[in-house]
Amino acid sequence: MRVATVPVAARTIPLYWVHARERGAVVEFVRIEVGEGAPVRCARCAPTAVSESRTTDSILAEISAASAAWGDRPGPNILLAGSEPFTHPELPALVATCVEVGAERIGLETEGGALAAHGNAAGVLGAGVRHLQVVVLAADDAIAESLTGRPGRMLAVKAGVAAYLEAAREAGVAVVVTAVVPLCHHTLPALAQTVGLLASWGVHAVRLVPGDEPLPDSASVMIAAACDTGMVNHTWVEVADGVPLPATHRLHALTIGSAHD
Amino acid sequence: MTEPLKVALLALNAPGYQSLALGYLRAYAEADQRLAGRVAFQTLDLESDAEAWWVAYRIMGLEPDVLGVSVLCWNARTVYDVCRIVRQALPDVRIVLGGPEVGPIAADVLAAHPEIDAVVRGEGEEVFADVLDLARRGKPFSRADGVTGRDATGAPLAAPDRALIADLDRIPSPYLSGVLQPVEGGAYIETYRGCPHRCAYCFEGKGYGRLRSFSAERVAAEIEYLAGERGVRSFSFIDPVFNLTDERLAWLTGLLEPYAARGLVLHTIEVDIERIDDEAAGALRRAGVVSVETGPQSIGEAALATCHRRFDPARFTRGVEALKRAGISVECDLIAGLPDDTPDDFLAGLEFCLALDPGKIQTSTLHVLPGTELYLRARELGLRFDPEAPHEVIATDTIGFSDLRRLEARSVHLGRVYGARLEDGRHV
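Protein sequence lines, in the order shown, are assigned to chains A and B.
When you line the first sequence up against numbering that gives the first Met the number 0, it's residues 0 to 260, in that order.
When you line the second sequence up against numbering that gives the first Met the number 0, it's residues 0 to 427, in that order.
Excised from the complex, chain B in its bound form:
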């Protein structure tokens, strides 16, 4: 009997969270009959501020044959450092990356990082299972659709794209299959993939195409497992728009309501706030939602048009007010450095959000993410950004470098001023 292929999966996450993406990859591969009994997994869910040498040390202790890494813009630099170190220590390991940071620029990643063997492009579950099957048979990874590997000379070689998984229920639940053990406050649930919007700065709508949902039964089973069987009192939804449709909102909030009555709380779900009225806000509150995250990202008309975002200040305000009446805190997000936005546009956005007194205002600087429309049209739109992850914007045609830094500093300070307050009569 041959030794099983040893596979190490690595993710560098926000503190307290574990990677749902790795959970999917592992759950799918473990259910693949080609790999049954032939592959042994170890998952390393570490924190994004972990030091590269220490991460590499953890990996080397596993002596993997294949190292699979989930890469986001936030952890890419550390991931590349880790891979370079691991390659030197374990010359025979085959390193495969995936995730939105690397998939859209797979050939560039391979050209810049000789220590990496292959990049999975797009949705990873089927592709990674194929990669592992090829690995155990000693075959080139570029034989799998959806992979960019290397040819005999080491040059990047892209296989054809892989079609998206039509039936998401084919991906076993990482929770129900036991691959992921839920973490209080740090567990994620995904009910669908894709996004109805096409915001030019976001990967979600472009990268995952049309909307595809997990079945109602699957979602209900995951919620029952987390909130019922395991007694998790706080977890997160990663759906880009929680209130995708009125019908879906009614179904999902109805599903959650019995658990909320027993203490379940949901923080910072993302909503299309212009479609929130008192009825929807009440449903969210009964479902245990205590805070939501929303735009407007910008209120500058030119930037909104360039980024394909709609914004109706009256409807937005109505949504915030409805949520506040329901006792739900709103986090309003603004992005500095969007194309065509001016400093005054950004400050007017801050003024608009502050006037709503939403609960929290979060400002960030634009990251020109691979695979997004802004990444592809950066030169045309006048965006100058750091080519290295996390691809932060440096200057635009309408906001210079120094003013962009000033806006960052000013908005951070203003957010601090807004946030330093007594809440509910509570002092220290």
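The following block holds chain A by itself, in its conformation from the complex:
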């Protein structure tokens, strides 16, 4: 793995805003990029970029700075994201540093398949990771393969999520598994099916986020159907800014206050 030294600024992202007013009084995470790139991207929308990890020292410094700057809000809460964190050579040290600086909630954003291997699921849980964000384009293996070009990937992701949930159950600790679905013209047609399958895996929430290209407002019908599929399958679906959402479903918006379309 080539290690890049590209500085990536820490960003506080309101993962769970419950009100339009930016009072910042909800469960927020500071998102720290462990490298450039994203765990998963739609290959039809954009050529897959090579992920590059950042130097460990720069990430550790950023973790410490983020913790020190944390105010009175619940936390500190840190999400390690960016390129696939399981490919970072010093991931255990990164998580350990989050614990050392007093992080109350630690999250990982991952493609998910690595969780199934080598005791990774129990390992990250034991290290302190309580929030898992798995980026998926589709939960059906055939569709996912057509979008990523990687056969069998979703079977590994499903096994990884199951391993993490089982490790948490055995340990008796509360965790949250969120499937993050980037939306594009290629992921949209199977979106409701994707939510249904993810619910059957036991994920606690599905977050719909913008992909590489903007969606037409007409996509809001499919977004609403995905939200309703989540409701009847006891899985919360939350919709990020920039994703068309009809007014009838405004309570699914990450930022409450108005529909997106």
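Don't read these hints as lab results, they were simulated from the structure.
These figures come from a predicted structure and were not determined experimentally.
You may find that some hints are simply not true.
Selected chain A positions facing chain B (in silico; Cβ < 8 Å) [to be verified]:
(1) Val26
(2) Gly70
(3) Pro73
(4) Val98
(5) Glu103
(6) Arg104
(7) Arg129
(8) His130
(9) Ala173
(10) Val174
(11) Val175
(12) His203
(13) Ala204
(14) Trp235
(15) Leu250
(16) His251
Every residue gets a Cβ at the ideal spot worked out from N, C-alpha and C, and that includes glycine.
Here the structure of chain A is known, so what remains is to put chain B in place on it, guided by the hints.
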């Protein structure tokens, strides 16, 4: 010598708990001279998720002459199933229900459930003892004040109301009398009845009227029995407001402090948090309190007014902060679906609670309970709810059905997100 009247008492409780209500009923009846040597009790403390046929099987094994059941909104459906099955198997058994779920709607319950003979309305100890005395003499239950029974045609027939028991010490302690054996972590203590508040969704203040207390000596004796003699290290208080007055708080925490020094811990007592300061929080901590439960239930001004609740965000925040400084975890409760609350009101309430970082946030959907003001004024207040127990709200004039379900799902998820954290540096 005639055979004693065989009485089975049934409660379906939260896992790990036993019914204090049945303990009171039995302790009072066993001390009643009319019943001495004439009544034999069996208590079935089962869990609320027990299957009705299995519960009925347990009852039938006792072959009771009278079956008394404590009914709450959570167990009512199972109770009705049990009673229907038992009635078919034991045609001569006399079935008597009591509790907040059935007392306020006694005639309706009897009309809907022909297998039930009578419903005790309100406070049950005196009334149930009278019922048993009537049962052993073969008399109609409707002769007892506080009972709705049946007339000769089977129609509901209500006797006059029964006055509340003025001196609660007349009710023997279920613990001190040996009726209830304390369960570690699952024993309840009650120091008074009634509530100073009149929250429109709650039965406590309306159903039990004015405040009445057990004597200080009685409470002290129960605590000494549980925490001292029996060595119970964790039990619960069911008082609606633990810090009823400053004087009472000082007395009660002073009573508990020596036991706390020897390891007693108290979980989830209910407090009026706007009256908690550092002094009160310190007293609670020294009394072994590790967690408290409180509102605000809603922060929407319209809903608060309709429900007769006061809420001062500054005082509320001060109370939470004082408890946190004392090392006490706070559970903030919110109710979705209160009349006049909007979705944004509810979400603003969640936001307010999360900002306090209290330790735990508990959200629930409104249950329109029989006997409460909301039950009586539901149509006027725009509440549509399931007439069957547990009477969950379906929609309000300000929150539609779908949005109410979304708020439930969202708040459950948010609570999970908040709760998934490292605590005290402890990992797995």
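Going down the list of hints, with the structure as the test:
{"no.": "1", "hint": "Val26", "verdict": "holds (5 Å)"}
{"no.": "2", "hint": "Gly70", "verdict": "violated (11 Å)"}
{"no.": "3", "hint": "Pro73", "verdict": "holds (4 Å)"}
{"no.": "4", "hint": "Val98", "verdict": "holds (7 Å)"}
{"no.": "5", "hint": "Glu103", "verdict": "holds (5 Å)"}
{"no.": "6", "hint": "Arg104", "verdict": "holds (5 Å)"}
{"no.": "7", "hint": "Arg129", "verdict": "holds (4 Å)"}
{"no.": "8", "hint": "His130", "verdict": "holds (6 Å)"}
{"no.": "9", "hint": "Ala173", "verdict": "holds (4 Å)"}
{"no.": "10", "hint": "Val174", "verdict": "holds (5 Å)"}
{"no.": "11", "hint": "Val175", "verdict": "holds (5 Å)"}
{"no.": "12", "hint": "His203", "verdict": "holds (6 Å)"}
{"no.": "13", "hint": "Ala204", "verdict": "holds (5 Å)"}
{"no.": "14", "hint": "Trp235", "verdict": "holds (4 Å)"}
{"no.": "15", "hint": "Leu250", "verdict": "holds (4 Å)"}
{"no.": "16", "hint": "His251", "verdict": "holds (7 Å)"}
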